[in-house]
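Here the sequence shown is numbered in the numbering used here, starting from 1 and rising by one per residue.
Source of the hints: derived by calculation from the structure; they are not laboratory data.
Since the structure is predicted, the reported quantities are computational estimates derived from the model, not experimental observations.
Quick reminder that beta carbons are idealized off the backbone N, C-alpha and C, glycines included.
Treat each hint with caution, since some may be false.
[To be verified] Between beta-carbon pairs, the in silico distance windows are: (1) Gly94 with Asp9: 16 to 26 Å; (2) Pro33 with Thr96: 10 to 20 Å; (3) Ser121 with Arg70: 10 to 20 Å; (4) Asp41 with Ser65: 25 to 35 Å; (5) Phe92 with Asp112: 30 to 40 Å; (6) Asn100 with Arg8: 18 to 28 Å; (7) Ala61 with Ile109: 28 to 38 Å; (8) Asp112 with Asp22: 12 to 22 Å; (9) Gln6 with Gly94: 33 to 43 Å.
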Amino acid sequence: MANDTQIRDFIADWFARFDRLDPIDAFLPDLHPQVDWDMPDTDRTLPGHDRVRAWYAGVLATLQSPTEHRVSDISVGDGAASFTVLFRARTFGGDTIEANVREDWRFDIRPDGRPYITHYSARMLEEANT
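Start from the sequences, fold in the hints, and give me the full structure.
What follows is the structure in structure tokens.
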């Protein structure tokens with residue numbers, strides 16, 4: 001069984017990978033093959049990993065590395081985590097994106113204590129493009 005610290009460390013590592021815009025293969029092992037990926041700008045006709053791949057291809061085509069994710073207000077429960085992310089990035093077009101996002105995850109726990117995400121939801125709280 002994972003403890004609160006293990007989940008928080010996993011979340012920090014997850015967003016460090018996003019900050020670097022690591023390849024998609026850095027994320028898929030932590031996502032159930034049929035993960036319910038509920039993110040803005042997703043192709044809802046695609047299932048699981050295919051939806052994640054398509055979403056991330058759009059991210060990589062739009063955003064310059066590095067990006068910035070500041071996670072706060074983490075609440076960890078039995079098989080679930082909720083938190084707020086302040087996201088900052090620069091597009092290849094030169095625009096700056098800043099958004100506050102509320103994330104809700106559901107997950108199973110693997111034998112090594114790491115989460116295996118089964119549901120990933122992100123909702124914009126506010127956004128400002130400059």
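Out of the numbered hints, which ones does the structure contradict? 1, 2, 4
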